[in-house]
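*Asks:* As they're listed, the protein sequences go chains A and B.
1 is the number of the first residue of the first sequence in the numbering used here; add one for each residue after it.
1 is the number of the first residue of the second sequence in the numbering used here; add one for each residue after it.
Derived by calculation from the structure, the hints in this document are not laboratory data.
All C-beta atoms in this analysis are idealised placements derived from N, C-alpha and C, irrespective of residue type, glycine included.
Among the hints, erroneous ones may be present.
Stated by the list, open to error - Just some of the chain B residues that point at chain A, by a computed CB distance under 10 Å:
{"no.": "1", "residue": "Cys23"}
{"no.": "2", "residue": "Gly48"}
{"no.": "3", "residue": "Val50"}
{"no.": "4", "residue": "Pro53"}
{"no.": "5", "residue": "Ser56"}
{"no.": "6", "residue": "Phe70"}
{"no.": "7", "residue": "Pro82"}
{"no.": "8", "residue": "Val165"}
{"no.": "9", "residue": "Gly168"}
{"no.": "10", "residue": "Leu181"}
{"no.": "11", "residue": "Phe182"}
{"no.": "12", "residue": "Asp186"}
{"no.": "13", "residue": "Asp189"}
{"no.": "14", "residue": "Phe190"}
Protein chains: 2
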Amino acid sequence: MTAVRCYFSPQSGYAYLGHARLCRIAAETGATILWRPVDIGTVFAESGTVPPPKQSAVRLAYRRADMARFAAALGLPLNPTPPFWPAATGLAQRLIVAAEAEEHDPAALIGAILAAVWARDLDIGDPATLVRLATEEGLDGEALVRLADTPEIAASAAAHTAEAVAAGVFGSPSYIVGDELFFGQDRLDFVEAALRDAAGLEL
Amino acid sequence: MTAVRCYFSPQSGYAYLGHARLCRIAAETGATILWRPVDIGTVFAESGTVPPPKQSAVRLAYRRADMARFAAALGLPLNPTPPFWPAATGLAQRLIVAAEAEEHDPAALIGAILAAVWARDLDIGDPATLVRLATEEGLDGEALVRLADTPEIAASAAAHTAEAVAAGVFGSPSYIVGDELFFGQDRLDFVEAALRDAAGLEL
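Chain A with its partners taken away, still in its complex shape (with noise of 0.2 Å):
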């Protein structure tokens, strides 16, 4: 079976964006996504990348109004000055990689959470917040969000972390199919390419 890596930051604006496309690209091709997400801030140190938060006000412009575009053609809700980012990502990170250690497909959860920064205005550093979201999913919220702070959901979300600065990620979202890296939710064509051809499927 094809698989598609998703490296991405639970705060990213662009993660949200390409969300439901990446799920439905994988399931018209029949991929499985592997989740990756990871302390977006170690991978821009690592590869040399100017936070989002810390860019120049012309290029921070810029990206709302591009986030904004992209969410009108795409038909979703967007504030692009959300008032809870940045956000402490951490505890989000490991909730998600928490609820795999549980075996549920964390997919839905990951929309929720890049949702609640993006569309909804909520604080996902808060626990709370993410103790409310899990239960929306269906989780047992109060148990995930313990589970998250325990030693081993913690090194794995680091070995995710670690991965994602190996593979040569240097931002969110990124896709790896094979051993080709595609960087933001506007290669999402060109992930779909890749997934129809490591498929056999026609282009």
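Use these hints to put chain B onto chain A, whose structure you have.
*Replies:* Coordinates of chain B only, in the frame set by chain A:
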């Protein structure tokens, strides 16, 4: 008549990849292209952008792979590691301004300069290369290069760069339709939609 301003560096790989498509979109929507060759070093410095040649190894490697994918998708020849990149671009910038001052439509010359870097392994920092490229386009290359070295042309070229900075441009290629800025040839879908909207055409 609607217009699109195209801000670009004469050595921009993504400007090369988007050149023919921009020309086609403008023709199809009845828009005028206002060509704005700029000194991208000044634009980068003013906008806090790390110049591509100075980006980290992982970003540069990704950039090359990304350009190769677009070239393949667009059916354009490309050397992702051109021998004369980065190049000195001041004279090329001024040559384009000089061609316009002589009332030539510079679109073909611009395409030739961009292709010289990315598909023909030529050094656009060499005046002889520029004479050759202009001559190949049916222009008086020697006379245009002489004109490009006059203070009047240099002033016009500097004005383009200043206009870009004032407009919030931070990279090449950038496009402005009305008061909307679009960065990157991967945003030409949005540029086309904006031009169709401005012209009252169906989206």
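*Asks:* For each hint, tell me whether it holds in the structure or not.
*Replies:* Hint check results:
With a cut of 10 Å, the hint placing Cys23(B) at the interface with chain A is violated, because the nearest CB-to-CB distance is about 22 Å. Interface hint at Gly48(B): satisfied, since its Cβ lies 4 Å from the closest Cβ of chain A, which is below the 10 Å cut-off. Annotation: interface hint on Val50(B) holds; nearest CB of chain A at approximately 7 Å, less than 10 Å. At a threshold of 10 Å, the smallest CB-CB gap from Pro53(B) to chain A is about 13 Å, leaving the interface hint violated.
Given the 10 Å rule on beta carbons, the hint for Ser56(B) holds: about 4 Å separates it from the nearest Cβ of chain A. Checking Phe70(B) against chain A: minimum C-beta separation of about 9 Å stays under 10 Å; hint holds. Interface hint status for Pro82(B): violated, as the beta-carbon distance to the closest one in chain A is roughly 21 Å, over 10 Å. Checking Val165(B) against chain A: minimum C-beta separation of about 9 Å stays under 10 Å; hint holds.
The beta carbon of Gly168(B) is positioned within 10 Å of a beta carbon in chain A (closest approach about 4 Å), and the interface hint is therefore held. Evaluation of the Leu181(B) hint against chain A yields a held restraint, the C-beta minimum of about 6 Å falling below 10 Å. Residue-level restraint check for Phe182(B) holds (minimum Cβ-Cβ distance to chain A is 8 Å; threshold 10 Å). Interface hint at Asp186(B): satisfied, since its Cβ lies 6 Å from the closest Cβ of chain A, which is below the 10 Å cut-off.
Annotation: Asp189(B) was flagged as interfacial toward chain A, and the flag holds, the nearest CB pair being 8 Å apart, inside 10 Å. A least Cβ separation of about 6 Å between Phe190(B) and chain A falls short of the 10 Å threshold, and the interface hint therefore holds.
In this structure, the earlier hints numbered 1, 4 and 7 are contradicted, and the remaining ones agree with it.
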